[in-house]
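*Asks:* The lines below spell out each chain.
Number of protein chains: 2
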Amino acid sequence: MNFSSKLLEQAVLAFSQLPGVGKKSALRYALHLMDQPKEMTEQFTADIGAFRSLLQKCTTCGHLSDTTHCDICVDHRRDRQVICVVESIRDVLAIEATNQYFGVYHVLGGIISPIDGISPEDLSIDLLIERIEKSTVAEVILAIRPTIEGDTTSYYIAKRLEKFDQLKFSIISRGVSFGGELEFTDEITLGRSIQGRLPYDPNVMINT
Amino acid sequence: MNFSSKLLEQAVLAFSQLPGVGKKSALRYALHLMDQPKEMTEQFTADIGAFRSLLQKCTTCGHLSDTTHCDICVDHRRDRQVICVVESIRDVLAIEATNQYFGVYHVLGGIISPIDGISPEDLSIDLLIERIEKSTVAEVILAIRPTIEGDTTSYYIAKRLEKFDQLKFSIISRGVSFGGELEFTDEITLGRSIQGRLPYDPNVMINT
Numbered sequence: 000m001n002f003s004s005k006l007l008e009q010a011v012l013a014f015s016q017l018p019g020v021g022k023k024s025a026l027r028y029a030l031h032l033m034d035q036p037k038e039m040t041e042q043f044t045a046d047i048g049a050f051r052s053l054l055q056k057c058t059t060c061g062h063l064s065d066t067t068h069c070d071i072c073v074d075h076r077r078d079r080q081v082i083c084v085v086e087s088i089r090d091v092l093a094i095e096a097t098n099q100y101f102g103v104y105h106v107l108g109g110i111i112s113p114i115d116g117i118s119p120e121d122l123s124i125d126l127l128i129e130r131i132e133k134s135t136v137a138e139v140i141l142a143i144r145p146t147i148e149g150d151t152t153s154y155y156i157a158k159r160l161e162k163f164d165q166l167k168f169s170i171i172s173r174g175v176s177f178g179g180e181l182e183f184t185d186e187i188t189l190g191r192s193i194q195g196r197l198p199y200d201p202n203v204m205i206n207t
Numbered sequence: 000m001n002f003s004s005k006l007l008e009q010a011v012l013a014f015s016q017l018p019g020v021g022k023k024s025a026l027r028y029a030l031h032l033m034d035q036p037k038e039m040t041e042q043f044t045a046d047i048g049a050f051r052s053l054l055q056k057c058t059t060c061g062h063l064s065d066t067t068h069c070d071i072c073v074d075h076r077r078d079r080q081v082i083c084v085v086e087s088i089r090d091v092l093a094i095e096a097t098n099q100y101f102g103v104y105h106v107l108g109g110i111i112s113p114i115d116g117i118s119p120e121d122l123s124i125d126l127l128i129e130r131i132e133k134s135t136v137a138e139v140i141l142a143i144r145p146t147i148e149g150d151t152t153s154y155y156i157a158k159r160l161e162k163f164d165q166l167k168f169s170i171i172s173r174g175v176s177f178g179g180e181l182e183f184t185d186e187i188t189l190g191r192s193i194q195g196r197l198p199y200d201p202n203v204m205i206n207t
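For the protein sequence lines, the chains are Z and C, in the order given. Numbering-wise (this note's numbering), the first sequence opens with residue 0 and increments by one. Numbering-wise (this note's numbering), the second sequence opens with residue 0 and increments by one.
It is worth saying that the hints were derived from the structure and are not from the lab. Errors might be hidden in some of the hints.
Away from chain C, derived, C-beta distances all over 12 Å, residues of chain Z [to be verified]:
no., residue
1, Gly19
2, Ser24
3, Glu38
4, Thr58
5, Asp70
6, Val81
7, Leu141
8, Pro145
9, Gly149
10, Lys162
11, Ser169
12, Leu181
13, Phe183
14, Ile187
15, Gly190
16, Ser192
Pairs of lysine-lysine residues, derived as PhoX-like cross-links and limited to a Cα-Cα distance of at most 20 Å, are as follows [as the list claims (entries may be wrong)]:
no., chain 1, residue 1, chain 2, residue 2
17, C, Lys56, C, Lys37
18, Z, Lys37, Z, Lys5
19, C, Lys56, Z, Lys5
20, Z, Lys37, C, Lys56
21, Z, Lys133, Z, Lys158
22, Z, Lys56, C, Lys167
23, C, Lys5, C, Lys22
24, Z, Lys5, Z, Lys22
25, Z, Lys56, Z, Lys22
26, C, Lys5, C, Lys37
27, C, Lys167, C, Lys133
28, C, Lys5, Z, Lys56
The structure presented is a predicted model; accordingly, all values stated were derived computationally and were not measured. Using N, Cα and C, we set each Cβ at its ideal position, and we do this for glycine too.
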């Protein structure tokens, strides 16, 4: 595409570095900013600049934070005896959005994946062990994606934490999605879902 | 959505001001920047800031430009006797992408639309008249969208330019899209396409 303007071309290239943004969308974003007052773009770049330069990672759990400790870790209403171990910050936000979890988190920063060159040392597992040594933790929820790499990571963490006798381990339940049709569910999920079947009491609503 | 971080929330709000960007995509963009080195975000905000603060509009045609005159207006290979009148900068970019036009442009900055409160005075029509008075113009192409407002704008401009005897007017052809099926073409387009039928010579390729 010929933009007949270096400045426009630079802006389009900048926007198209964002995930899932092509040249056409990038151009649309740039022209939209041109249609708005200059102040809007100044605010836009200031907000994004401040976000990237000032945002930190919580030194306890690894979640995003405006200060050295994140809102979740300092919240006294959260149950610090339960730690939910997740792969990424995105997973924390996803679980928080459910409003169903009231413990704290531990962000690994990835999962063990020899193909991508990610070994256990690259993840914050030592930090997790330190946390458990220092405080009273009753349960560790391994909320890691149900893939071979994810299952390997869960297994590895459970093995490393075996020495803590008081610890209870759990994993998030796996099965057919809410609203999902059996016909279109893959065999592995459906198979696990039958193996992991739950007792049914017609008087108790499931998963609510 | 609860972000547990003011900085993240601000960045998400900033991104979601862009057209067609929802909260989920905005969050994805922000977290992507967090995964990259800080320098990438610094470059990103610098490029977009420079684009908005330095980019000008060509004082002749109204197209985007890094200087007071755009690349198209100063290009001596372009035919200045043919002016293509368009609604917006987006239209200039769309026509340029076809590589089929070698004249110059005039960007109106909108079309006449009483409902949206846009009257002829809001468009750069006086500037167009000035341009034609000052230089030798042989043809004005009215490349304005084929809607009631667009047709009104074309009609208004043609009327205002009537006094220039030497001027030839043309509009872009209208009809069935290349690859389009007659069955799925709306009645107005198909009707215009039959009214505006072209002589056919099997030895000459159409529109190439």
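*Asks:* If you check each hint against the structure, which ones fail?
*Replies:* When the structure is compared with the hints, numbers 1, 2, 3, 5, 17, 22, 25 turn out to be violated.
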